[in-house]
Amino acid sequence: MSFVAATDVVAAPPAPERPWVVPRRTQALGVATLALSGVAAIGIVLVTGLAGVDGWAVAALGILLAVTMVRTARAGTKERIDAFVRLAITAGAVLAFVPWISIFGSVLIKGVPGLHPGYLFQDMRTTVPDDELNVGGAGHAIVGSLMMVLIAAVITLPLGILSGVYVTEIRGRLTFLVRFIIQSMAGVPSIVAGLFVYTTFVFATESFSGMAGALALAVLMLPTVARTAEEVLKLVPDDLRSAGYALGARQWRTALMIVVPTVRSGLTTAAILGVARVIGETAPLLLTSLSSNNYEWTPLGVPLASMPTYVFGLLQIGSEYATTRAWTGSLVLLFVVLVLFVAARKTGGKDRR
Amino acid sequence: MAGDWRSSGASDAALAAAPPQRTVVVRYDSADRIFRGIVTGGALVSLVVLGLIGAFLFARGAEIFSDFGLKFVTGTQWSRGSDDGIIPDEFSIGPMLAGTVIVSLIALAVSLPLAVAGALYLEYYCPVRIRKTMVALLDLAAAIPSLIFGLWGVAIFSTFGERWATLLSERLGWIPIFGSEFGNFGRSPFVAGCVLASMIVPITTSVAREVYSRTPRDLVDSCFALGGSRWGAIREVVLPYGRSGVVGGAMLGLGRALGETVAVYLLLNLVFRFNYRILESEGGNVASLIATKFGEATPYELKALVAAGFVLFLLTLLVNMAASAIVQRNAPRA
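So the protein sequences, as listed, match chains A and B.
Read in order, the letters of the first sequence correspond to residues 79 to 431 in our numbering.
Read in order, the letters of the second sequence correspond to residues 55 to 388 in our numbering.
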């Protein structure tokens, strides 16, 4: 070693070998195989009885299987099994992801024709679902949804934070129980939450209302908010708590003025995720807030429109224009979910230093 | 972790000389006690709400349970009697309960392999470049409202589902569950199950991905070091390590499928008959029964619907409690 260094000081060190990196040639070969089998599969679909996208996928998978078989013909059993498993897992993953991509695509394609400038502001008071698509809109439903979701968030956020604080700060005997209950509550079917509010709040007030819808949504939202709040509160380092105690702060001051503010944006994320969880819930609203065709600005006493029930109602009419309106409503709904989701990512990233 | 400083290099002599550890006494003053009380109260609200849901549904449905007894769960009729009471009301949810279980089991059977494959792919096969996008897509998919899944199922998927169902029935029709009486394959439990499967795949996949990613890296690496293939490492280390987590995730998905309302409502013809043929276009589940009958129910029928909700609540609560027990038992190993 020292000999080499003495004679040839300026020689560049040998390029580090990276055996785990797949060579470009192999990568290109893989892509080429995929593309070729795709094209060949089109041929098969045209010639034989297989039809449609699914037939094409089956044909392509068959070809890839054959290719794998040929390529590993001379390899050992271990390599061959490994190659087939890789193919199977990739195919399974593709099959898992395709429906979601298909949903995004179809909502976009079928929803856009129903969009017009007034869609977000007009209501359906003077419009029947079969009218031309350039009149009427979902403004009332958007307002209703926002109102209910906001009320639900105002109810659940403090409760969610409290149960997160209980698990991370109080650390009492009930920690396990609280977690367990929240987990189980996450599984309460949405229609059961609707029935519950119906048998209590709607019975008591004797009217369907936005408030009832908000309460039902709150039941569904609480587990999400509580769990996320707990997760972010757990990220607060114990040093901060010790520092608080060392400064002479009591537990309540430490918790409320140090721990909770530290994860402020994380708690915002919790609220956003909770909203994203319930914004598209339909079933509970069918039993609590019903729907309406015009703007309502009060959460009490009158049925309130919402995006999901708006879409649901249009779907039940089933005519062409109504269905297009429903797709457009879904597009708006999906867009809102997407925005919430991006917002959650953005705010969630801030706490981590 | 605790007490590490004692053993890290301290000799016995030094240990003996170390002053005895002080016992820490925690005293809460009144402000703290109020604070702790409020927080504990807030944390227990979820318990109270869960209890209230059960109690109220049971109380409102009690009349039905005492009128019909066990027959409410096993009977096959949902019919309103005549107004004069000569033909009595008869409410029972047998076929719907069976339908709930059948559709959910189909969803589970379809989703589990896909979810495991998806999670393994994301953790061990996916090119690094597209991995982040795929994970974001997965998280987003978990937030797609079930209404949109139902809409997509009716408009897009049903064509495929019907074709697959026809194929299944032609080839495997001799197996009773794939048999068909009418040769009409649209709007069947099979199609609904497949749509529900794509709805619960994100849930199961994210849980599975999380447990798979917690597999100790050393164990996987030593598998490779011993000359194992990637599949070898997955089969011997990753899958056994993540098994209970995946089971828990699958049960969470099952719980979601059991209570699904709107998608099933849109995808299935509600027919009140025990139907074990999953390709036949009839079925339904308890949740969609409630949504269907709610609008024009008589007061007594409404009580029956609440009772049905109570049964559904119990069913999902059991599944979810089992799921969270399994997941939590698995968690501390991380």
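No wet-lab data here; the hints were simulated from the structure.
Glycine residues also receive a C-beta, built at the ideal position from the N, C-alpha and C atoms.
Mixed in with the good hints there might be a few duds.
[Stated by the list, open to error] In silico contact screen, one side only, chain A against chain B (beta carbon under 10 Å); selected entries:
#, residue
1, 250
2, 265
3, 385
Tested hints:
1. 250: Given a least distance of 6 Å, the restraint on residue 250 of chain A holds.
2. 265: Result: holds, 3 Å to nearest chain B Cβ.
3. 385: holds (9 Å)
Comparing the model with each numbered hint stated earlier shows that all of them hold.
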